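Put the two chains together into one complex; each comes in its own frame, and the hints tell you how they fit.
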Amino acid sequence: MLLHLDQVTKSYPGTGAPVLREISLDLDAGDMLALTGESGSGKSTLLHLIGGLDTADSGRVCVDGTDLTPLDDAGRAGLRRGTVGVIFQQFNLIPSLSVAGNIAFQARLTGRHDPARDTELATHLGLQEQLHKYPEHLSGGQQQRVAIARTLAAGPKLVLADEPTGNLDEASSDAVMSLLQDLVEETGAGLILVTHSERLAARLPRRLHLRAGQLT
Amino acid sequence: MSRVILSALLSHWRRNPLQLITLLAGLALATALWSGVQAINAEARASYDAAAATLGDGQYAQITAREGGAIPQATYIALRRAGWAVSPVIEGRIDGVRLVGLEPLTAPGGLGPVRAGGEADLGAFLSGTGQIFARDNTLARLPDLEAEPVTAPDVAPNTALTDIGVAQRLLERPGQIDRLIVLPEQPLIQPPLEQAAPDLISSAPQEGGDVARLTDSFHLNLTAFGLLSFAVGLFIVQGAIGLAFEQRRPMVRTLRALGVSLRRLILIMALELALLALLASGIGVALGYLIAAALLPDVAATLRGLYGADVAGQLSLRPIWWLSGLGIALGGTALAASGALWSLARMPLLSGAQPRALMMARSGTGQALIAASLLLLFGALALWGEGLLAGFAMLGALLIGGALALPPLLGLVLKWAEGPARSATAEWFWADTRQQVPGLSLALMALLLAMAANVGVSTMVSSFRLTFTGFLDQRLASELYVRAEDAAQAEVVRDVAREHADALLPLLSTERQVAGLPAEIYGARDHATYRDNWQFLYAVPDPWELLARGEGVLINEQMFRRAGLELGEEVSIASGTRLPVLGIYGDYGNPIGQVIVTEPLFRDLYPEVTALRFGLRSDSGQVPALRQALENTGIPQAAITDQVALKRMSLAVFERTFTVTTALNVLTLAVAGFAILMSLLTLAAMRLPQLAPVWALGLTRRSLARLDLLRTVVLAALTAALALPLGLALAWALLAVVNVEAFGWRLPMYLFPLDYLRLTGLALLAAALAASWPAWRLSRTPPAQLLGVFRNER
Numbered sequence: 112m113l114l115h116l117d118q119v120t121k122s123y124p125g126t127g128a129p130v131l132r133e134i135s136l137d138l139d140a141g142d143m144l145a146l147t148g149e150s151g152s153g154k155s156t157l158l159h160l161i162g163g164l165d166t167a168d169s170g171r172v173c174v175d176g177t178d179l180t181p182l183d184d185a186g187r188a189g190l191r192r193g194t195v196g197v198i199f200q201q202f203n204l205i206p207s208l209s210v211a212g213n214i215a216f217q218a219r220l221t222g223r224h225d226p227a228r229d230t231e232l233a234t235h236l237g238l239q240e241q242l243h244k245y246p247e248h249l250s251g252g253q254q255q256r257v258a259i260a261r262t263l264a265a266g267p268k269l270v271l272a273d274e275p276t277g278n279l280d281e282a283s284s285d286a287v288m289s290l291l292q293d294l295v296e297e298t299g300a301g302l303i304l305v306t307h308s309e310r311l312a313a314r315l316p317r318r319l320h321l322r323a324g325q326l327t
Numbered sequence: 050m051s052r053v054i055l056s057a058l059l060s061h062w063r064r065n066p067l068q069l070i071t072l073l074a075g076l077a078l079a080t081a082l083w084s085g086v087q088a089i090n091a092e093a094r095a096s097y098d099a100a101a102a103t104l105g106d107g108q109y110a111q112i113t114a115r116e117g118g119a120i121p122q123a124t125y126i127a128l129r130r131a132g133w134a135v136s137p138v139i140e141g142r143i144d145g146v147r148l149v150g151l152e153p154l155t156a157p158g159g160l161g162p163v164r165a166g167g168e169a170d171l172g173a174f175l176s177g178t179g180q181i182f183a184r185d186n187t188l189a190r191l192p193d194l195e196a197e198p199v200t201a202p203d204v205a206p207n208t209a210l211t212d213i214g215v216a217q218r219l220l221e222r223p224g225q226i227d228r229l230i231v232l233p234e235q236p237l238i239q240p241p242l243e244q245a246a247p248d249l250i251s252s253a254p255q256e257g258g259d260v261a262r263l264t265d266s267f268h269l270n271l272t273a274f275g276l277l278s279f280a281v282g283l284f285i286v287q288g289a290i291g292l293a294f295e296q297r298r299p300m301v302r303t304l305r306a307l308g309v310s311l312r313r314l315i316l317i318m319a320l321e322l323a324l325l326a327l328l329a330s331g332i333g334v335a336l337g338y339l340i341a342a343a344l345l346p347d348v349a350a351t352l353r354g355l356y357g358a359d360v361a362g363q364l365s366l367r368p369i370w371w372l373s374g375l376g377i378a379l380g381g382t383a384l385a386a387s388g389a390l391w392s393l394a395r396m397p398l399l400s401g402a403q404p405r406a407l408m409m410a411r412s413g414t415g416q417a418l419i420a421a422s423l424l425l426l427f428g429a430l431a432l433w434g435e436g437l438l439a440g441f442a443m444l445g446a447l448l449i450g451g452a453l454a455l456p457p458l459l460g461l462v463l464k465w466a467e468g469p470a471r472s473a474t475a476e477w478f479w480a481d482t483r484q485q486v487p488g489l490s491l492a493l494m495a496l497l498l499a500m501a502a503n504v505g506v507s508t509m510v511s512s513f514r515l516t517f518t519g520f521l522d523q524r525l526a527s528e529l530y531v532r533a534e535d536a537a538q539a540e541v542v543r544d545v546a547r548e549h550a551d552a553l554l555p556l557l558s559t560e561r562q563v564a565g566l567p568a569e570i571y572g573a574r575d576h577a578t579y580r581d582n583w584q585f586l587y588a589v590p591d592p593w594e595l596l597a598r599g600e601g602v603l604i605n606e607q608m609f610r611r612a613g614l615e616l617g618e619e620v621s622i623a624s625g626t627r628l629p630v631l632g633i634y635g636d637y638g639n640p641i642g643q644v645i646v647t648e649p650l651f652r653d654l655y656p657e658v659t660a661l662r663f664g665l666r667s668d669s670g671q672v673p674a675l676r677q678a679l680e681n682t683g684i685p686q687a688a689i690t691d692q693v694a695l696k697r698m699s700l701a702v703f704e705r706t707f708t709v710t711t712a713l714n715v716l717t718l719a720v721a722g723f724a725i726l727m728s729l730l731t732l733a734a735m736r737l738p739q740l741a742p743v744w745a746l747g748l749t750r751r752s753l754a755r756l757d758l759l760r761t762v763v764l765a766a767l768t769a770a771l772a773l774p775l776g777l778a779l780a781w782a783l784l785a786v787v788n789v790e791a792f793g794w795r796l797p798m799y800l801f802p803l804d805y806l807r808l809t810g811l812a813l814l815a816a817a818l819a820a821s822w823p824a825w826r827l828s829r830t831p832p833a834q835l836l837g838v839f840r841n842e843r
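Sequence lines, in order, name chains S and C. So for the first sequence, the working numbering puts the first residue at 112; every next one is plus one. So for the second sequence, the working numbering puts the first residue at 50; every next one is plus one.
No lab work stands behind these hints, which were simulated from the structure alone. It should be emphasised that the depicted structure is a prediction, and the values quoted were computed from it without experimental measurement. Glycine included, each C-beta is placed from N, C-alpha and C at the ideal position. Hints are not guaranteed to be accurate.
[Unchecked claim] Partner residues aside, some chain C positions facing chain S, computed with beta carbon under 7 Å:
no., residue
1, Met50
2, Val53
3, Ala57
4, His61
5, Met300
6, Leu311
7, Gly747
Bound-form chain C, shown alone (with noise of 0.2 Å):
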């Protein structure tokens, strides 16, 4: 019996394709965004884990130089003498790949080439020229490098593993260790690390690797986007699930008075929607494969960029998102057909079961109350809230109420535009208007979502870039940045400087506890350098010549939002030491707080730490002889940093973010084209009865077509003016209240007019297609289906 009532629900799609296609793109389309997202994350996750696997990223306790640079072989070997358990390790890149070279026969079980080949021949990696592991396409980028590349399919992305030998001897370092991995098995009895090589530092082993932290709030933010998105799709198949349902009334009437159980009914059409839902979502599992594969390449170049993490550029297929975008599909269905199914199984057997116009079903005071109380809620949040949670819940209640308050607010102004009409034609669009607003209610709040969502996104985005340039002017003053490998080269640089740089700005660094947080502590040298580029969020007078005279701090906006430190309140630096706070400055992108003091106070407070890292100022056209000079006394290529070349890579980094949300951002604003144009065909059939009468009235099939197109570009146009307001409320929501519980810092906030007017016109260039098919067909109606009109009234 099951079968046969199954057929017959299945029998309403076969009569009603189009209504079937709606719903399996829409609910394709959700799932695609949804599961492409997730594919790109749970690549970069996958990543993370195997870099983890393979390096022992996070797991084990590191020894590193205290003052930073390299530790040379013989501290190491000293180390070991001691009774120390610790194993060599020294990174670089070569041509973008991360080289790393490991001791195979003193680093942790499991890690490096003796777990990445699997079998690996350990005489051959320790002898000759050695042997570099590394996955296919990462040896394919290597230069040649006089050791034999052999696959490991299981190495990290990007990363390529040799002896520690082969790689010092490949990054032109001999001797020299970038850090000590702490094996956890040590002697029991073993001299202090401060006693056997006082010039090393322990830090202990971190839950999650590093890069998986810093990573998180970028794949956070790329999982928001993605459940906007599939709320955006999801719209779509609510829609046609309505539609669907109240098309089928009668026939569910029937089936009941013919003996069919209401228990039964239900389950039956739960399965249907269900069937459909998987069909649905293994296309948009597929397709959501290809968005990500596509954009999986910018993401890597981006993680790369901003955080230095190493991601596959090529998708896997994982188990894990594939389930997700079933899930995630039948979940979306349940939600989005539980109304329509609680609507039938509350409706009486013997109820008037003519379709109800879908219009009617929804109270549109109900639904003004609910958009309104969740508005307010939004207020409330935004003015009381604290915390993560409550920014996310914030953003649900921004845009969930923005998106129900749409039909009552083109409701009120639809009324409002009706009233100066004149003509019996205007009256009757602008009236007509209105009554369509409920039908294609669910396709312009998906629009608004979308459109909310592209200004939101992008303005944060440009935001961003915005700041983040003028930081990077500010920060990245000095036109070449140096990096010395000990304090003989850092004398060899001071010695250039003093002959071809106009200045000499020491990096003097160190890592210290403040008000009880992490913090870099810095020593700034008092130079023009540092007064004309730096800005201030907020500052005493004369800050700089205050911090010349010692009698203050400079703190980050991280450090000044976690201590909660206000102006001129004093922080301990030191024990004995408390400065006030003269200025707070933004640092973006930087997860730990930082104090800025003066060098001559810094050198009293830290005598051990000796600068490192300079910056040179000099005259641009005299940078490449500046440079060239350094190069001549034997420092490498590498430990020069240009400037220009610096913020030149910065951008590039951007250019390839915005790759990504510009992508995104276009296909969330496809999706609810789509809406609108499946919400367009499937109401064409019931909007003959409206539109029959006007005909018969004198109204020609091309002019009623024509209005109706236009009719679709003014709903459009009035939900870009509201999807505005609301898309720019959402970026402050991102950019002062999310971001500042993620990371600890405040965006500023830019407008973007030009981009604004460009995706209204956008906008309406989508509605405008979406609306043109269902016009060209309702000016070829034949005159015999608008008769039949009035051939049913009787």
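Extracted from the complex, chain S is given alone in its bound form (with noise of 0.2 Å):
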């Protein structure tokens, strides 16, 4: 079991209600999960917790056997180097690096950086031209084909993707959406995609829809 969730509830202070109320999900390496909702539903919580961003007030997540639960921020850390991968909305490239650069990082960090993996992975996005530019120098499609490389690159077990298509027109949301599955699929890792658009839920094997903190 690449991913298990287990009676997970989260709550904010002030906020009332738990955000995400005992759910229980489990997932399977090459599985692809397309997870809905409406805003304020609580998906990118959810995903905030599966990638030990965030820690959950009840329940375990344990994530390829390991229970984040008992993690401090150290471990969590290490969990997010090396077994998962989150492509955020807002891309989160590091200005200062080149495409390249960018590309490389997680990969590095990870300390299985493989050039050759970074070469693919840029031409198979279509980055091959864009490599020693800026992200500030790159079209909004453009910086997240780079995010979902650097993501790849460093060969997570599962992919967490919040949103990734949502600064995106609809042609280049279709694109991306396309070499993110084909590059997972090829990899065998788990995906999870956060997602408003129905039609993009709709290309997932899966599907769970949130709604007031429970899934349905």
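And the structure:
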């Protein structure tokens, strides 16, 4: 089991009802899951808990056999570095590094850097002409492709994509999504895609909907 | 992994070289000013140590003539025969070089040429024309002296050592000795000094050399100035680090999201700053060396003139100030970065990571509250604080409080200025200026401190000069001063004076304990010279009349403050003699207390003291003839001092002091100007989104640039307006509190409006120069770049 969530609850101070209520979920390697829901339904919170970016109030989050509950900041950082890859809506590229530097960055952090893989990913994502440019010189679609390349170059077992096409127009969105699916499939990693878009969610084999903090 | 993270962090500097230059330059300049001052201090202290090591200054008990003047060689021989283990010393100056004659066979081990030369040939030292040991540069300044020059780098600067016989010959003082060094090992049985040589008096060794103690205050002031300059530089560093950290918040969030732990990230960021600090401090220490090398000759001249302390005019590389420079740069960086690192350490991983405007990060209200508290503390310390430490705490509270008060005060003034604005442009100008204050606040605080330091220090030094000039006119009223070698020569002086001078004023003095403190007691002749020239800080009516009748004493300010005496209060000056205080006079620069009684009373109380020093009054046209008459009797030229020459020399010393303070003032102001330039340049990119809409609404780029330049000058002018009262408060604190606590006398404070006006002009010019390049760049900003702002917004 790549991901196992057991009765996970999360609330924020001053918000009244919990954002997530007793969520349980399993995901195997190679599975692709679309997570949809209204704004504020807790999609991103759930993704943050799985990625070790935040901690649950109760319940267990296990990623690749590791229970995240007892992990401290360094332990959760290690999980994000080696096992999980997160793709953000805002791309979160490092502005002072070139495209090539950004693609290689997480792989270098994990010690699994393979320049040939970088080149392959850059070619696949149509970034070979942009390698020496800096993020500020790229369009939104190009920046998101760099973020995808950065995540996949590190070879994560689980890819978490939080509205990865939220800032893109429809055509770019479709292109980026196709590339992401292809590449995740190719690596055999698991994928959880958080999206508002019914159209994008429909592309994935499994789909869950979050409503009032519960999965339906 | 750490290397990858460090390289990502460093990439920020590669992409923002201006920020890197600001950080490095700020730290380098701050370190340069600090380590430059430290280099000067270290060199001076090394010179004092060298003097103590080679001449035994302060290490051994000394015997001198009770009445002052020379000790006859026969007295020395008699003392040795009586069993006293003493060694003779004679001193004089030849072409400004201090020539010291020692007796190497009796001098304490380690003193003099035996140590200085290392393997000195005693035979050559003692025989023939003898040898003179000194540093190379000192030897070069000596005239041809019929003695073999020997280079000895360990000898104190500006000092030459030779055998006492050679020194007596070269100084034309045969058979004379100035003092006797008492060796630590003395025979068990020896007659008391009063019996063996009743004309001599012994003084105990002092901890630390006299010179070192006297000059401590001078070095303390230099250190305070260095620290202030460092603080000005540190504002630049804090600004650069703060901006860089703000801009890197998204990067930090990304790094953490990608799996870098917070602790590792903070450690690597600290390491990154330490590396940059080391690089900058290396540059700073090298620059500091250049500053110190340029200023040291003037400092050496000041120390020699004010305290008679010989300090090398050339700089040596000393590890202590290299380390001090590196240490303070690292410490300063840690201090400047601590807030930014602390804020990052507390930043939640999922918080909004977009760089907040720097200004928003600081709580304006909190800063105003801290400023008000510090200024209140200043007031409280000014009213009730006691001691030097409280004095310095007061200075710190004043300067930091004043600096922190600047942004809120500017905000208030600009808001007030916005009210009457009529045109849209004027309204926008004032509102936008107010918006820029937080971003420029660190640079403006640096300018404020630099200007306040300028006003404060120059007011202090100028007040000192003005007071001292008046004091010289008061104290050096006699046209000529003569020092006789003995009573017989004193009689000759009297004879000459009867024939050629209008009046002869004997300068009678002795050292005694008064009110439990060491003091000089002077006997003054009842003469118009004193009545006409002396001014009192406080006095009873007709003090001179009462003094002449022996009905009271005059005391100097040091005695007044240290002994806590009041006007009319009686003070005991000898057993059974208590007299009221008639007046208190300023006695600037004198480290100890002084009491003046009338001449007849002095002679009654201390009949053993005979006058060997005299002031001679004469018509100024007759001074050359009087001098010639004295010289004709065999009194050496060196024993006759011309009042005009003495004043000229004293004022020349002040000019050298001014050179040093002016140079430090200009450097500090330049650092502040640099701070403004760098702040404007780094803020320039952030300004585009604010300027683009105004440009789009019809203001030309050139107009925007002109307004930006004007904005900086307005802010600098407002800062200058606050710097003036702050600087005057600083001067008051230095003169009325620190000076009194440190030296025991208070200097009157004078104001120099023209100087302040010139300084304000200089500061505005520095600000205008600093703003002109960013303004020029703004005027040349391509329209596409301004349009990009609207594209990004979409």
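Status of the hints after comparison with the structure:
1. Evaluation of the Met50 of chain C hint against chain S yields a held restraint, the C-beta minimum of about 6 Å falling below 7 Å.
2. The closest approach between the C-beta of Val53 of chain C and any C-beta of chain S is roughly 4 Å, which is under the 7 Å cut-off, so the hint is satisfied.
3. The interface hint given for Ala57 of chain C holds, since its Cβ lies 6 Å from the closest Cβ of chain S, which is under the 7 Å cut-off.
4. Look at His61 of chain C: its Cβ gets to within about 4 Å of chain S, closer than 7 Å, so that hint holds up.
5. Taking 7 Å as the C-beta cut-off, the interface hint given for Met300 of chain C holds, the closest approach to chain S being about 5 Å.
6. With 7 Å as the threshold, the beta carbon of Leu311 of chain C comes within range of chain S, its nearest partner Cβ sitting at about 5 Å, so the hint holds.
7. A cut of 7 Å between beta carbons decides the hint on Gly747 of chain C: the least distance to chain S is about 29 Å, and the hint is violated.
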